[in-house]
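Single-letter residue listing:
Number of protein chains: 2
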Amino acid sequence: MAVERRALIHDGPGGRFEGVFAWDDAQSGARPAVLVIPNILGQKEEDNVKAEELAALGYAAFACDVYGQGKRTQRGPGASRYMDEMNADRALLRDRLAASLAALKAQPEVEESRTAAIGFCFGGKCVLDMARSGLDVLGGVSFHGVYDRPDYDTVSPIAAKLLICHGWDDPLGKPETVVALAQELTESGADWQLHAYGHAGHAFTDRSMKGSTIPGVAYEERADRRSWKAMKDFLREIFA
Amino acid sequence: MAVERRALIHDGPGGRFEGVFAWDDAQSGARPAVLVIPNILGQKEEDNVKAEELAALGYAAFACDVYGQGKRTQRGPGASRYMDEMNADRALLRDRLAASLAALKAQPEVEESRTAAIGFCFGGKCVLDMARSGLDVLGGVSFHGVYDRPDYDTVSPIAAKLLICHGWDDPLGKPETVVALAQELTESGADWQLHAYGHAGHAFTDRSMKGSTIPGVAYEERADRRSWKAMKDFLREIFA
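Just so you know, the sequences run in chain order A and B.
According to the UniProt record's numbering, the stretch in the first sequence is residues 1 to 240, in order.
According to the UniProt record's numbering, the stretch in the second sequence is residues 1 to 240, in order.
Quick caveat, the hints were computed from the structure, so don't treat them as lab data.
Hints are supplied without guarantee of correctness; some may be wrong.
Below, in silico cross-link-like pairs of lysine-lysine (DSS-like), each with a Cα-Cα straight-line distance of 25 Å or less [what the hints assert, rightly or not]:
#: 1; chain 1: A; residue 1: 229; chain 2: B; residue 2: 232
#: 2; chain 1: A; residue 1: 174; chain 2: B; residue 2: 174
#: 3; chain 1: A; residue 1: 229; chain 2: A; residue 2: 210
#: 4; chain 1: A; residue 1: 229; chain 2: A; residue 2: 44
These numbers come from a predicted model, not from an experiment.
With the hints as extra help, turn the sequences into a complete structure.
In structure tokens, the structure reads:
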């Protein structure tokens with residue numbers, strides 16, 4: 001086993017985008033592949049590491065970029081500047097997600113007909129939007145995502161299977177928001193599952209948020225471990 | 001591997017109780033064990049089969065009886081007569097669950113300090129009541145359970161880890177009831193997880209309910225398969 005990575009630069013709506021593609025060089029031929037969609041801060045090393053973990057599981061993975069080359073932020077003031085632009089134009093976000101997915105599918109290591117998407121925080125919203133807009137993935141996993149619907153017409157039935165991993169104490173996803181999402185996905189005919197974790201909040205997979213003092217926003221080891229395991233089972237199921 | 005079963009008859013509050021104990025005879029020594037708590041109908045072959053499936057996984061299992069020897073019902077009028085008695089006396093139910101657990105722990109094949117409980121429908125409520133009343137299990141899994149709290153004081157913190165497998169369309173567990181359970185378990189300090197399944201209702205594990213025409217009550221293959229897999233992962237975690 002030799003997990004490799006390379007930069008993946010592609011054009012898309014509004015400019016040029018740069019992410020990292022990871023795969024196991026010891027495997028030959030095309031394999032199922034996973035789009036890894038970053039959180040609020042944009043493309044970064046943590047996402048590349050997730051892509052490598054997926055590569056070690058036998059998938060190809062692309063830690064993608066929907067903000068644009070070089071557009072990344074840090075925690076603190078201004079952290080949400082690029083995310084805010086995307087939230088203000090969900091149709092553009094959808095088109096950028098389509099471009100990221102197309103870039104993944106164009107890689108020679110990727111089996112075009114068997115892809116999935118996972119995402120964290122804002123990236124979880126992106127996963128849901130991919131399913132809602134009918135982009136061609138077999139499934140998606142949202143980790144502490146954001147659940148508000150886009151303003152465009154969504155598809156029905158939603159074809160992608162969905163796993164929503166949710167920290168119950170997440171201030172961005174209060175119980176009524178979770179119930180509304182469940183209702184939306186039910187009405188859209190999606191094959192959906194929600195895994196809710198007690199005593200976990202937003203960002204529960206984010207190791208850089210260990211010991212965070214923001215109420216309801218912190219790394220939580222059990223939810224991180226259990227949700228990653230659930231994702232592995234989910235990917236095994238959809239790629240079977 | 002040779003999964004065996006034997007009748008397990010024991011005394012308890014209000015009479016004599018009879019269930020079925022299952023274990024793998026090819027294994028030697030004491031092993032972790034699981035109490036299997038039946039649904040509304042009481043002790044029956046379906047529960048014994050679940051116990052055998054657990055035995056094949058390397059656990060000992062006791063498909064128990066909280067109604068009393070010979071007290072079983074069929075679907076249709078009168079199905080709930082013994083369950084109704086238990087729901088009217090939750091303290092008695094708790095004490096019978098304690099007797100069932102003690103009977104399990106008394107078996108020579110059972111490692112007394114490592115037990116769990118699983119239950120279906122009314123049995124899911126029993127699992128929650130075991131945790132709420134501080135009975136000595138490391139964890140519990142409720143499959144399409146019933147979530148109303150008992151009238152006695154419950155322990156805090158709840159020590160048993162809990163996995164709640166829930167069909168989102170279950171008319172016995174509407175969203176507000178699920179949210180209230182999550183709130184209760186959070187306040188009780190339980191390590192809890194909820195797995196909710198879209199397009200599944202009550203009885204989603206119950207093969208005898210295939211093609212049921214009762215709204216929101218039917219077997220659902222995906223939720224059955226996924227929840228059993230989640231249970232296996234959960235048991236592996238708590239018995240690690």
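Hint-by-hint comparison with the structure:
1. A/229 / B/232: 12 Å, holds
2. A/174 / B/174: With Cα atoms ~17 Å apart, residue 174 of chain A and residue 174 of chain B stay inside 25 Å; holds.
3. A/229 / A/210: Within the cut-off at roughly 20 Å; holds.
4. A/229 / A/44: Holds - the C-alpha atoms of residue 44 of chain A and residue 229 of chain A are around 23 Å apart, at most 25 Å.
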